[in-house]
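*Asks:* I would like the entire structure built from these sequences, with the hints used as guidance.
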Amino acid sequence: MAAKRKLHEPGNSSKNNVGPLAKKGHWSLGLKASMDDPELRVDRDEMVVIIKDKYPKARFHFLILPHESIPNLKALSRDHLPLLKHIEKRGVELAEKSSKALKFRFGYHAVPSMSHVHMHVISQDFDSPCLKTKKHWNSFTTDYFLDSKDVIEQIEQSGKVAVDQSNAGQLLKNPLVKDFCQSTLHWCSVQPHVSQLFEQHLVSQEHFDFSV
DNA sequence: GTTCTAGAAC
DNA sequence: GTTCTAGAAC
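Numbering-wise (full-length UniProt numbering), the first sequence opens with residue 1 and increments by one.
Read the hints as simulated data drawn from the structure, not as lab findings. On a predicted model such as this, the values are computed, not experimentally measured, just so you know. The C-beta atom is built at its ideal place from N, Cα and C for all residues, glycine as well. Incorrect hints may have been included.
[Said to hold, decoys possible] When the alpha-carbon atoms are kept at most 16 Å apart in a straight line, the in silico EDC-like pairs for lysine to aspartate or glutamate are as follows: (1) 52 <-> 39; (2) 74 <-> 153; (3) 74 <-> 164; (4) 89 <-> 147; (5) 85 <-> 153; (6) 100 <-> 79; (7) 89 <-> 45; (8) 32 <-> 53; (9) 103 <-> 147; (10) 173 <-> 150; (11) 85 <-> 147; (12) 54 <-> 127; (13) 149 <-> 88; (14) 160 <-> 147; (15) 103 <-> 93; (16) 74 <-> 156; (17) 54 <-> 37; (18) 54 <-> 68; (19) 89 <-> 43; (20) 85 <-> 156; (21) 32 <-> 43; (22) 85 <-> 150; (23) 52 <-> 36; (24) 85 <-> 46; (25) 173 <-> 143; (26) 85 <-> 37; (27) 160 <-> 150; (28) 32 <-> 79; (29) 52 <-> 93; (30) 160 <-> 79; (31) 89 <-> 150; (32) 89 <-> 153.
[As the list claims (entries may be wrong)] Restraint ranges, calculated between C-beta atoms of paired labels, are given here: (33) 156 <-> 39: 35 to 41 Å; (34) 160 <-> 39: 34 to 40 Å; (35) 175 <-> 38: 37 to 43 Å; (36) 42 <-> 69: 29 to 35 Å; (37) 32 <-> 162: 24 to 30 Å; (38) 154 <-> 92: 16 to 22 Å; (39) 89 <-> 154: 34 to 40 Å; (40) 25 <-> 164: 35 to 41 Å.
*Replies:* So, in structure tokens, the structure goes:
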């Protein structure tokens, strides 16, 4: 029997190709492949690898992953504090190098889709065509986004990270505006793509002052 | 994580 | 008719 061949193979164009790794594993392991992708890799040291997010949600959006394979935030303990602090330090350095004008945040998604703990380094312009959905927006602007600083502090105090999974899921579905308006207005400048998203959800921009 | 799509909602 | 959403596939 001849091997089945797809008539159409999206994502297999030369540009989108992940590289020599022809067969990719389950999608949730994608970060593992990205770590080895020279196109995405920014830097590495003895503890971490720094890559560009494949679908950046802002002008600067990086991921910092430890070589050590840590499945999720629940697996973190006091043993990881030196690593977590190193990750944050590398993130801050990277942000300063990337842009002095833009504000950045450093942190973790409460319930990430991709396995292997990774810290996001993301500028707060949110100016990217990849930022398309309410879920995207909420994952970076609600409590779904856990600041590295707070994660570290929590582990120092209690030895672990508490994540309310059901609540986290709900955060992604929440309406865009109210949380945004109350808590994130002061540090966020909103760019056209986001404005579009807001319009889509019937939010009037008149309610907001988008200047920093 | 993204993309595609059927069904709901408008 | 269009837009929005949730679910499955990848």
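*Asks:* Please go over all the hints and tell whether each is borne out by the structure.
*Replies:* Results for each hint:
Our distance criterion of 16 Å between C-alpha atoms is met by residue 52 and residue 39, whose separation comes to about 9 Å. Distance hint between residue 74 and residue 153 is fulfilled; the C-alpha atoms sit about 15 Å from each other, no more than 16 Å. For the given pair, residue 74 sits about 11 Å from residue 164 by alpha-carbon distance, which is consistent with the 16 Å threshold. For the hint linking residue 89 to residue 147, the alpha-carbon distance of about 13 Å falls within 16 Å, and the restraint holds.
Distance check on the hinted pair: residue 85 and residue 153 sit about 10 Å apart at the alpha-carbon level, within 16 Å; holds. With a C-alpha separation of about 33 Å, the suggested pairing of residue 100 with residue 79 is violated against the 16 Å cut-off. Simply put, residue 89 and residue 45 have alpha-carbon atoms about 13 Å apart, close enough for the 16 Å limit, and the pair holds. As the CA atoms of residue 32 and residue 53 are separated by approximately 12 Å, the hinted pair is consistent with the 16 Å bound.
For the given pair, residue 103 sits about 14 Å from residue 147 by alpha-carbon distance, which is consistent with the 16 Å threshold. Taking the CA atoms of residue 173 and residue 150, the gap is about 23 Å. The hint is violated against a cut of 16 Å. Between residue 85 and residue 147 the alpha-carbon distance is near 12 Å, which keeps this suggested pair within the 16 Å criterion. A distance of roughly 15 Å separates the Cα atoms of residue 54 and residue 127; the hinted pair therefore holds under the 16 Å criterion.
Proximity of residue 149 to residue 88 is assessed by CA-CA distance (about 8 Å); at most 16 Å being required, the pair is judged to hold. Of the supplied pair hints, the one linking residue 160 and residue 147 holds, its CA atoms being roughly 15 Å apart against a limit of 16 Å. Restraint check for residue 103 and residue 93: the C-alpha separation of about 13 Å stays at or below 16 Å, so the hint holds. The hinted pair formed by residue 74 and residue 156 meets the criterion: a straight-line CA distance of about 14 Å does not exceed 16 Å.
Of the pairs offered as hints, the one joining residue 54 and residue 37 holds, with about 10 Å between alpha carbons and a cut-off of 16 Å not exceeded. In summary, the hint linking residue 54 to residue 68 is not supported, as the alpha carbons are separated by about 21 Å, beyond the 16 Å threshold. Only pairs whose Cα atoms come within 16 Å are accepted, and residue 89 paired with residue 43 is accepted, the gap being roughly 14 Å. Distance check on the hinted pair: residue 85 and residue 156 sit about 11 Å apart at the alpha-carbon level, within 16 Å; holds.
Distance restraint check for residue 32 and residue 43: the Cα-Cα separation of roughly 15 Å lies within the 16 Å cut-off, and the hinted pair is therefore satisfied. Simply put, residue 85 and residue 150 have alpha-carbon atoms about 11 Å apart, close enough for the 16 Å limit, and the pair holds. At roughly 12 Å between alpha-carbon atoms, residue 52 and residue 36 fall within 16 Å of each other, so this suggested pair holds. As the CA atoms of residue 85 and residue 46 are separated by approximately 14 Å, the hinted pair is consistent with the 16 Å bound.
With a CA separation close to 12 Å, the supplied pair residue 173 and residue 143 stays within the 16 Å bound. In summary, the hint linking residue 85 to residue 37 is not supported, as the alpha carbons are separated by about 25 Å, beyond the 16 Å threshold. At roughly 11 Å between alpha-carbon atoms, residue 160 and residue 150 fall within 16 Å of each other, so this suggested pair holds. Taken as a hint, the residue 32 and residue 79 pair is broken in the structure, with Cα atoms around 23 Å apart against an allowance of 16 Å.
Taking the CA atoms of residue 52 and residue 93, the gap is about 15 Å. The hint holds against a cut of 16 Å. The suggested pairing of residue 160 with residue 79 holds, with an alpha-carbon distance near 10 Å, which does not exceed 16 Å. This hinted pair checks out: residue 89 and residue 150 have alpha carbons roughly 14 Å apart, not beyond 16 Å. Note on residue 89 and residue 153: the hinted pairing holds, with a Cα-Cα distance of about 15 Å set against a maximum of 16 Å.
For residue 156 and residue 39, the hinted distance range of 35 to 41 Å is satisfied, since their beta carbons lie about 37 Å from each other. Hint check: residue 160 to residue 39, Cβ distance near 36 Å, so the stated range 34 to 40 Å holds. At roughly 41 Å, the beta carbons of residue 175 and residue 38 sit within the given window of 37 to 43 Å. Restraint check, residue 42 to residue 69: a C-beta distance of roughly 20 Å breaks the suggested window 29 to 35 Å.
About 27 Å separates the C-beta atoms of residue 32 and residue 162, a value consistent with the hinted range of 24 to 30 Å. Taken as a hint, the range 16 to 22 Å holds for the pair residue 154 and residue 92, whose Cβ atoms sit roughly 19 Å apart. The beta-carbon spacing between residue 89 and residue 154, approximately 18 Å, falls outside the hinted interval of 34 to 40 Å. For the pair residue 25 and residue 164, the supplied restraint of 35 to 41 Å is violated, since their beta-carbon distance comes to about 29 Å.
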